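Chains as they are written, first to last, in this note's numbering: chain A, 616 to 900; chain B, 496 to 1240.
Among these hints, one or two may not hold up.
What the hints assert, rightly or not - Pairs of lysine-lysine residues, derived as BS3-like cross-links and limited to a Cα-Cα distance of at most 27 Å, are as follows:
{"#": "1", "chain 1": "A", "residue 1": "K870", "chain 2": "B", "residue 2": "K1235"}
{"#": "2", "chain 1": "B", "residue 1": "K1105", "chain 2": "A", "residue 2": "K870"}
{"#": "3", "chain 1": "A", "residue 1": "K870", "chain 2": "B", "residue 2": "K768"}
{"#": "4", "chain 1": "B", "residue 1": "K918", "chain 2": "B", "residue 2": "K1216"}
{"#": "5", "chain 1": "A", "residue 1": "K870", "chain 2": "B", "residue 2": "K890"}
{"#": "6", "chain 1": "B", "residue 1": "K890", "chain 2": "B", "residue 2": "K836"}
{"#": "7", "chain 1": "B", "residue 1": "K797", "chain 2": "B", "residue 2": "K1232"}
Claimed, not checked - Covered stretches of chain B (chain A as the covering partner; in silico rule of three or more C-beta atoms under 8 Å from a C-beta of chain A):
{"#": "8", "region": "1106–1115"}
{"#": "9", "region": "1167–1176"}
What the hints assert, rightly or not - If you want a taste of the chain A side facing chain B, the calculated C-beta under 7 Å gives, among others:
{"#": "10", "residue": "T768"}
{"#": "11", "residue": "L770"}
{"#": "12", "residue": "A771"}
{"#": "13", "residue": "R798"}
{"#": "14", "residue": "E800"}
{"#": "15", "residue": "R835"}
{"#": "16", "residue": "I867"}
{"#": "17", "residue": "T873"}
{"#": "18", "residue": "I874"}
{"#": "19", "residue": "Y876"}
{"#": "20", "residue": "V883"}
Just so you know, the hints here were simulated from the structure itself, not pulled from any lab data.
Every value quoted in this text rests on a predicted model; they were computed, and no experiment measured them.
Positions of the beta carbon are idealized from the N, C-alpha and C atoms, including for glycine.
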Amino acid sequence: MHYVAPTTVGEACSLLADNPGSRVFAGATDLVPQMRTGRLEPSVMVDLKRIDRLMSVSHADGRWTIGAATPASDLTHNAAFTAMHPGISEGAGLIGSDQIQNRSSLGGNLCNGSPAADSVPGMIAAGARAVIAGAGGERTIPVADVVTGPGQTSLAADEFIVEFEIDDPAANTGDAYLRMIPRTEMDIAVVGAAVRLTMDGDTVSAAGVVLGAVAPTAVRVPAAEAALVGSSLDDDTLAAVAAAASAACNPIDDKRGTIEYRTQVAGVLAKRAAVIAAERAQNGA
Amino acid sequence: MTATENPTNYKWVGTRPIRHDGFDKVVGKARFGADLNLPGQLHGAFVRSPHAHARIVSIDTSAAEAMPGVKAVVTGDDFPALDPTHPNYDTAVNCMARGEAFYHGHAVAAVAATTKAEAKAAAAAVEVEYEVLPAVLSIADSMADGAPLANPNNHTKFAPPGDPSNLATITNLARGDVDQAMADADVVVEMGFDCAHVHQGYIEPHACVVDYGDGKANVWCSSQGHFRVRSMTADVLGVDNSKVKVVPAEIGGGFGGKTTIYLEPIAAKLSEKSGKPVKITMTREEVLRGSGPAPSAELRIKIGATKDGELTAIDGWMAYGVGAFSDMAGLIGAMSVASYKFPNLRMETYTALTNTPKSAAYRAPSAPHAAWAIESVVDEIATELGMDPIDLRLKNAAVEGDLTAMGMPHPRVGLVECLEALKASDHYQSVPAEGTSRGMAVGFWFNIGEESSATVNLNEDGTANVITGSPDIGGSRASMALMAAETLGIDVYSITPIVADTESVGFTDVTEGSRATFATGKAVVEACEDLIEQLKARAATIMGVDVGEVAWVDGAAVSPGHGGGEGGDPLTLAQITAQAKRTGGPLTATASLNAAGAGPSFAVHCADLKVDEETGEIEIVRYTAVQDAGTAIHPSYVEGQMQGGSVQGIGWALNEEYIYNADGAMENASFLDYRIPVASDLPLIETIIVEVPNPAHPYGVRGVGETGIVPPMATIGNAVKAATGVRMTSLPMSPPKVLKRLNER
Ligand SMILES: Cc1cc2nc3c(=O)[nH]c(=O)nc-3n(C[C@H](O)[C@H](O)[C@H](O)COP(=O)(O)OP(=O)(O)OC[C@H]3O[C@@H](n4cnc5c(N)ncnc54)[C@H](O)[C@@H]3O)c2cc1C
């Protein structure tokens, strides 16, 4: 097994193209545990953290550009980003622990392909895009289209994510991410829910609702979004949001939670996240 | 916080010196099981059964032996076949299967190679052919008519010889007339409960290095008792005890789980075969799959009471699932029923075998299960009668002379004092915070004595080395030093407490049953008392007086009217040791004993908690543990034991459980999914030490290590009932289970 640390996107692309079985990594907080248990044995480990473009956070032209290998703590400690996208920041801030967040990246969280990844629902709710590099050049796709199933992505073997683009939200927008774990930290989401709302006075004018850990990939819940838009988050609306969220679940029964439990709690978290998102939208986050 | 600390104004006992082994532990110099490396050592790896129950048709090690770096491979055939009635037969078979694998994870073969990676690769290349046998995976399956045998070598203990059985013990206890008492009772509550297997969760995985040479196995390992490692290893190898030497490493937690062995004889045999030292360390996954969890349990408890709160009868049925080998869990469960007077009692208990890992001790083994059920039912009775739960318990609390379920009279015990201390506490006197509800429960553990030895050597400069054979698992070095300092009358820091190997100190039983400070402490005190007699005799020689005229006061010999050293001052211990050469040579003493009179320890816990009724999550916001320590030799370590037991019990109550799939494989064999509590899950565990001295110990010590794990499950269950009206009857009370019950409400 070899380790390489290219310093340009092009170099990384050639390494991937030239070495079948090679693997990019950022924090390696998913990769190393998977190698330890023998699930993965990359031929070449391509470290993305030496490429400047993958290690930066910037704000220009009405959008944030976040290097795909940037540690989560660079986002959670970025006050301007957190003020604008508190839900994404709090999702990233739930990953593991301080030590993990000093290594773990949004690119890794997404491309590991876990349905329970904590930063993913918030990014999808924000309409974030992934800029992907490969031997054939760069392309940009919605984050929602990257993961296709547990551990699977739409990326070709020689592709990787360079950065994420997140547009600045419309005025009076707020987002929130909640997850259920049986402990208070160091656990994997049994259910996750991100909600992003734009408010017009007391009325919701736009909504995004995305669930994690309740289906093979993170799922948007259009029925919950439809229930929210035009409402003022009265009890009936929240009940409808909860019901729609539960209905969108297609979870598994496993050691982390039952189908019944995940389905019910997805509704609870969706409605609770909606309330927080609305408060943030109205109070300027 | 302590209620009546230091009652007799001891100088050292009851103080909180910095532990003698603290510096090494803080700076990382202390050497734990995996820290020793010997030149040329090999690394061992196991082949483990992928089936819960299977006949081993054949094992082909030839491919593994041909792999790079491989120096030795062993299977069950490399070990002597012990007679099935040998006391360590099960241990031997658990260390390495012989012809039949009894659980998923059971060791079937092992490899030693130059590197860990080579050993792992070679282990994967060992070819084992299995014939899968029917597996018994639950207590109900085990006890069902016509159930397949989990282990054909098991026979019911204390029963007339007969066919093999899935039951290891059947215990029937009775007194009074339970049926009549139930018929006469004003209130009768009956409920069924169950508990999943839980693991001790010690942070340090099992580890050892064994260097076999000249017909002798030299073992370095961390354990709760190196003399037991010696005898078990010797038996599994089929050699005399003297052919095994065990050097104790520091121990990173055991909680009962390191009172047995898994690795040492295997490493010894690999070392013998390869001619090199062999090191084996378990991974966390191996610890969970291949070492011993606490039993699972199914329980049914019925209690009758009069309307003024007298508990008149208990009728109990308790079955413990202990894994694939004989165990006494059911009998010990019966022994743990001892908190209330219960004039009428019937207890039927069973120890049932299942094809899961062999149970090991876990803090007050079997008592937490029983207390969870009984204390939940007692709480129901308090609610039905509209009585304060402490008052109900005070009315029925066992005192000296009352009988345990086994019919043994209690010695002086402190349950009433513990209940009163909780009742008077700031916690119980406060109103639960907004949105929180309160529960409390009682726990009991009998504690044990057993054999201990201690040698105390006085040095020329008046310091002392206190040498024992009790591994220091909870601060016992500091406690030994405190008791020696108190007895001799010298500074606690002038004492060096040492845990010595099996060839450097007299036989000492395992650190278990909360016995080290009690029994080994008693040996230390007796050795110090012997030294005082010797010191007085030396002083008499120096002073030129009769020994009968010398007294020992505050660490010095005094002889009123005769003066001591120059100027007539008392002769200090250091002055006497400085003159040892001319008064008869070095001053040393050894005491050995089989300690009688272990003092039972009661605990009473109280929790305030919140239940999120939409997600089933439980958040504990305040927790107080009260416990009778007899005398707290080092109060910080007593509090540490109380807090540690509470936290492990809270984990057991909330989320910890072995999750098995339909084939009997553990699905959550990692600390990610076997959910022990993390620090942020817990409030400060407040402690109140009660001191009702144990008359059978020179300083009044009762063991304190175990009782703390007994009350938390019912304490939390009772608070959940108060919060939601739902009585949880299945452990753990994990969010999915709680939410399900809330939905059904
Ligand atoms: C103790 C612990 C606790 C954890 N807790 C959480 C938690 O609470 N919530 C949570 O969501 N996760 C958790 N995780 C998982 C992990 O930390 C996160 O998924 C993290 O965000 C992964 O980022 P990384 O940079 O370390 O990924 P890596 O391990 O470096 O990579 C993960 C995968 O993504 C691929 N990859 C990485 N970067 C790119 C890229 N730019 N383009 C294409 N593919 C890429 C890699 O090839 C690999 O397959 C935890 C992990 C640990 C060890």
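Evaluated hints:
Between the alpha carbons of K870 of chain A and K1235 of chain B the distance comes to roughly 16 Å, so the proposed pair stays at or under 27 Å and holds. For the hint linking K1105 of chain B to K870 of chain A, the alpha-carbon distance of about 24 Å falls within 27 Å, and the restraint holds. The straight-line distance between the Cα atoms of K870 of chain A and K768 of chain B is roughly 41 Å, outside the 27 Å bound, and the hint therefore fails. With a C-alpha separation of about 20 Å, the suggested pairing of K918 of chain B with K1216 of chain B holds against the 27 Å cut-off.
Pair hint K870 of chain A plus K890 of chain B does not hold up; C-alpha atoms about 43 Å apart against a cutoff of 27 Å. Using a Cα cut-off of 27 Å, the hinted pair K890 of chain B and K836 of chain B holds, with the two alpha carbons roughly 9 Å apart. As the CA atoms of K797 of chain B and K1232 of chain B are separated by approximately 23 Å, the hinted pair is consistent with the 27 Å bound. Only when three residues or more bring their CB closer than 8 Å to a CB of chain A does the claim for the region 1106–1115 of chain B stand; here the count is 4, and the claim holds.
With 7 residues carrying a beta carbon less than 8 Å from a beta carbon of chain A, the region 1167–1176 of chain B meets the three-residue requirement, and the given coverage holds. A least Cβ separation of about 23 Å between T768 of chain A and chain B goes past the 7 Å threshold, and the interface hint is therefore violated. The beta carbon of L770 of chain A comes no nearer than 26 Å to any beta carbon in chain B, farther than 7 Å, and the hint placing it at the interface is violated. Hint on A771 of chain A is violated. Least Cβ distance to chain B is approximately 31 Å, over the 7 Å limit.
Restraint check, R798 of chain A versus chain B: the minimum CB separation of about 5 Å is within 7 Å; hint holds. With a least beta-carbon distance of about 5 Å to chain B, the hint placing E800 of chain A at the interface is held under the 7 Å criterion. Nearest Cβ of chain B to the Cβ of R835 of chain A: about 22 Å, over the 7 Å cut. The hint is violated. Because the smallest distance between the Cβ of I867 of chain A and any Cβ of chain B comes to about 12 Å, over 7 Å, the interface hint for this residue is violated.
Because the beta carbon of T873 of chain A sits about 5 Å from the nearest beta carbon in chain B, less than 7 Å, this interface hint is met. Nearest Cβ of chain B to the Cβ of I874 of chain A: about 10 Å, over the 7 Å cut. The hint is violated. About 4 Å separates the beta-carbon of Y876 of chain A from the nearest beta-carbon of chain B, less than 7 Å, and the hint is met. With a cut of 7 Å, the hint placing V883 of chain A at the interface with chain B holds, because the nearest CB-to-CB distance is about 4 Å.
The structure fails hints 3, 5, 10, 11, 12, 15, 16 and 18 (numbered hints given earlier, in ascending order).
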